[in-house]
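Chemist: What follows is the residue order along each chain.
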Amino acid sequence: MSTVLRITTAGSVDDGKSTLIGRLLYDSKALLQDQLIAVANSKSQRTALVSGTDEDSALPDLSLLTDGLEAEREQGITIDVAYRYLSTGQRKFIIADSPGHEQYTRNMVTAASNSDVAIVLIDVTKLDFAATELALLPQTRRHAMVASLLSLKHLIVAVNKMDALGYQESVFQRVQAAFAAFAAENHLPPVSYIPISALRGDNIVAPSSNMPWYPGPAILPFLEALPLKPAPQQTSSFALAVQTVLRTDAGRYYLGRVTGGSIAKGAAITVSSNGETAQISALFTARGASDSAEVGESIRLQLDREVDISRGDWLLSNPSTSGKTPPIASTRNIDARLTWLSSTPYHPARRYLLRHGTAWTQAQIQAVTQRFDVVAGRESASTDNHIKVNDIVRVRLATQAALPMVAYQEHSALGAFILVDPSTHETLAAGMAL
Amino acid sequence: KKLDQQHLDHLEDEAIYIIREVLAEFERPALLFSGGKDSLVVLHLAQKAFAPAPLPLPLLHVDTGHNFPEVISFRDQVAQAAGARLIVAHLDESIARGSIVLRHPLESRNAHQSVRLLEAIAENEFDALLGGARRDEEKARAKERIFSHRDSFGQWQPKAQRPELWHLFNSKHAKGEHFRVFPISNWTEMDVWQYIAREGIALPSIYLTHRRAVVRKNTSHGELLQPVTELTPAHAGDLIEQLNVRFRTVGDISCTCPVLSNATSIDDIIIETGLTNLSERGATRMDDQTSEAAMEKRKKEGYF
Ligand SMILES: Nc1nc2c(ncn2[C@@H]2O[C@H](COP(=O)(O)OP(=O)(O)O)[C@@H](O)[C@H]2O)c(=O)[nH]1
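If you're matching them up, the sequences are chains D and U in order.
Note that our numbering gives residue 347 to position 347 of the first sequence, counting from 1, and the numbers run on in steps of one.
Note that our numbering gives residue 1112 to position 112 of the second sequence, counting from 1, and the numbers run on in steps of one.
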């Protein structure tokens, strides 16, 4: 089981994301007294102390904990992704709180790109239960689709504010049924459902006596026990983007982090840019000399012969010896999905900088082929070539250098890239090869 | 135990990747080095990142002139042992030059560090500074990128931060702009102590228990122990007590307070860290408590 679980929260403004994170931290004792006093003293308390029947619920506005910037506290909204850390005896957690307003897609894509699972919050007070068929809000569908696009491994639908509707089982069941139907239609990652009240602390760290009809675990124990399938790249063939070549008296070392598979001393590798091969003669992890290295490890290695290798190259397992997979061909023509993150729209006349692994090259979008309607979960042919903020499109790209691109779903590091504006240096788009 | 060790491996691998990116992507990087625990950890990681080669970048310290002498001599020893070039930018130089004006001689020099730091960046034409700030320290820091862009005035623009995707850092910048890069962003105070213990990283003596004259000060966030020094003298009516204390963080004397402690080893500190109910900055820093946005304001101005 992986030691760190990286979580992103997704929901619209006021669904209770910040309150949930505050609750998780508070109830698991990760919040310290001075941090609570600081929140209680905050000028920007939106709600006065929540008065409850038991002393436990007399808490300050926990959502202020994640609103780290002055503008956020003034406006009572979360603007930017905030990171929080939580550790229990079972696991460590990194929680990325991604705000749900304005730049929703941008923030969620950013947070999700470094997460394993997403908690999608649904605020039951915003739903229309009078309708015969309960409709999910568009933003819920969007959040779920983005999580799926980024290949997150698991979704947790946290059905929030159950206290406001009397903790009724039927409320939870109807939300679950509506989401399950949506998930089935759109091939979403595996989904689990938990009814909660972030405000009152129901089903956050311990089962709630207010919802005895729910037999499952509370959120934290669920996260502690959640088994994660290894990502495809963990079991695929070896890949490492060369960061630097270190020339020393003891010879040349190639430095980089393993992003796919594993590698052992003696194994043959191929250089992506020129197809040359060599054998690994020495291998060091951050812990010292080693016989092998795995995904995630920062290593340095030596080869049995001099090969032309520089930053930007990938070292890939040699298909002729590993026999596992066909060789990864480099290409200058990329078919990819882009999520546009910048308020500066795409301009067809412009070239952009593209970063893939440790390589920077130039890229031009040749055609916008499909447009993804995240809310409907449908992709359809594009009739124009506009791309603006929060758009998710499919494009054909031409790059100046040939790159060993692999479908993002199969190998995230070999399939992910960013586009950068060469003049303003803004990060414009996140790309995922198809 | 095993969980903790695997977690430290993971944090170490991530930090080394980040540090190697900085050396590869920038022309004139430096490492912010105060001799405090976080910067000692970053230095240790940087050494590992480029072993067996010597440290490939200089160290930079902004010295307010109001630092604990034990820490300054420790800083110099460590820099020498690492074979590193240490650039010390003294606040006094800026005061002499007139770019920093103190309202009164004993005014805290902490906030003025930003000015001297930006001057040092310009003098040395640094385009990237590695720093030991962590996201768990403070709420404005929780929002900061690993590769954090600074404009040509050295200012942080929290609302215009570039999205940071996967580990594909965007280091592009115009001349005169620079980056602050935080390889231990995702570490907590506990992770830092556990790593120090595991790696046997040496620390200045004031991180362990010692007897010190202090005065109890009440702040809106609780009680702080202010050390009695020439810069922070006791006032009439103050009760001076000799207590067993240690520092959880070291910074400018005028705003860094120790905590009660009998810890004689890093393992003792780890136990205390697991039991404390005060955050690192909450228990020790006067500078963050002047207002809710104190850190954010200083950061925007170019602070670490
Ligand atoms: N009744 C009820 N209110 C909640 C619950 N969770 C959050 N809220 C309230 O909903 C509002 C928005 O919560 P917040 O956490 O700021 O939402 P965010 O914008 O998603 O971060 C606040 O007034 C919360 O007190 C809940 O479980 N029950």
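Among the hints, erroneous ones may be present.
Claimed, not checked - Okay, derived cross-link-like pairs now, EDC-like style, lysine to aspartate or glutamate, Cα gap no bigger than 20 Å in a straight line:
(1) U:1002 <-> D:426
(2) U:1002 <-> D:224
(3) U:1002 <-> U:1267
(4) U:1002 <-> U:1241
(5) D:229 <-> D:306
(6) U:1300 <-> U:1151
(7) D:29 <-> D:291
(8) D:153 <-> D:128
(9) U:1159 <-> D:421
(10) D:153 <-> D:249
(11) U:1300 <-> D:384
(12) U:1175 <-> U:1107
(13) D:265 <-> D:306
(14) U:1159 <-> U:1267
(15) D:153 <-> D:410
(16) D:265 <-> D:224
(17) U:1048 <-> D:291
(18) U:1048 <-> D:421
(19) U:1175 <-> D:306
(20) U:1159 <-> D:306
(21) U:1175 <-> D:294
(22) U:1175 <-> U:1119
(23) D:29 <-> U:1199
(24) U:1048 <-> D:294
(25) D:388 <-> D:410
(26) D:29 <-> U:1107
(27) D:126 <-> D:291
(28) U:1300 <-> U:1177
(29) D:229 <-> D:294
(30) U:1297 <-> U:1070
(31) U:1217 <-> U:1199
Hints listed in this document are in silico derivations from the structure and should not be mistaken for laboratory results.
Since the model is a prediction, treat every value here as computed from it, not as a measurement.
Chemist: Next step is simple, just say for each hint if it's right about the structure.
Modeler: Consistency of the hints with the structure:
1. U:1002 <-> D:426: Measuring from Cα to Cα gives roughly 41 Å; hence the hint is violated.
2. U:1002 <-> D:224: 16 Å, holds
3. U:1002 <-> U:1267: Holds, because 16 Å separates the two Cα atoms, which is no more than 20 Å.
4. U:1002 <-> U:1241: Measuring from Cα to Cα gives roughly 42 Å; hence the hint is violated.
5. D:229 <-> D:306: Given pair residue 229 of chain D, residue 306 of chain D is violated - Cα atoms ~38 Å apart, limit 20 Å.
6. U:1300 <-> U:1151: It holds: about 10 Å lies between the C-alpha atoms, which stays within 20 Å.
7. D:29 <-> D:291: At roughly 41 Å apart (the allowed maximum being 20 Å), residue 291 of chain D and residue 29 of chain D break the hint.
8. D:153 <-> D:128: 30 Å, violated
9. U:1159 <-> D:421: 18 Å, holds
10. D:153 <-> D:249: 45 Å, violated
11. U:1300 <-> D:384: The hint is violated at about 41 Å.
12. U:1175 <-> U:1107: Distance of about 34 Å is beyond 20 Å: violated.
13. D:265 <-> D:306: Roughly 17 Å separates the two Cα atoms, so the pair holds.
14. U:1159 <-> U:1267: Outside the cut-off at roughly 40 Å; violated.
15. D:153 <-> D:410: 13 Å, holds
16. D:265 <-> D:224: 35 Å, violated
17. U:1048 <-> D:291: 18 Å, holds
18. U:1048 <-> D:421: 34 Å, violated
19. U:1175 <-> D:306: 36 Å, violated
20. U:1159 <-> D:306: 47 Å, violated
21. U:1175 <-> D:294: 38 Å, violated
22. U:1175 <-> U:1119: Distance of about 15 Å is within 20 Å: holds.
23. D:29 <-> U:1199: Violated, because 28 Å separates the two Cα atoms, which is more than 20 Å.
24. U:1048 <-> D:294: 18 Å, holds
25. D:388 <-> D:410: Cα-Cα ~27 Å, so violated.
26. D:29 <-> U:1107: Distance of about 37 Å is beyond 20 Å: violated.
27. D:126 <-> D:291: 56 Å, violated
28. U:1300 <-> U:1177: Between residue 1300 of chain U and residue 1177 of chain U the Cα gap is close to 14 Å, so the pair holds against 20 Å.
29. D:229 <-> D:294: Holds: residue 229 of chain D and residue 294 of chain D sit about 16 Å apart, inside 20 Å.
30. U:1297 <-> U:1070: Not satisfied, since the Cα-Cα distance of roughly 30 Å exceeds 20 Å.
31. U:1217 <-> U:1199: 36 Å, violated
Hints 1, 4, 5, 7, 8, 10, 11, 12, 14, 16, 18, 19, 20, 21, 23, 25, 26, 27, 30, 31 from the list above are not met by this structure, while the remaining hints are.
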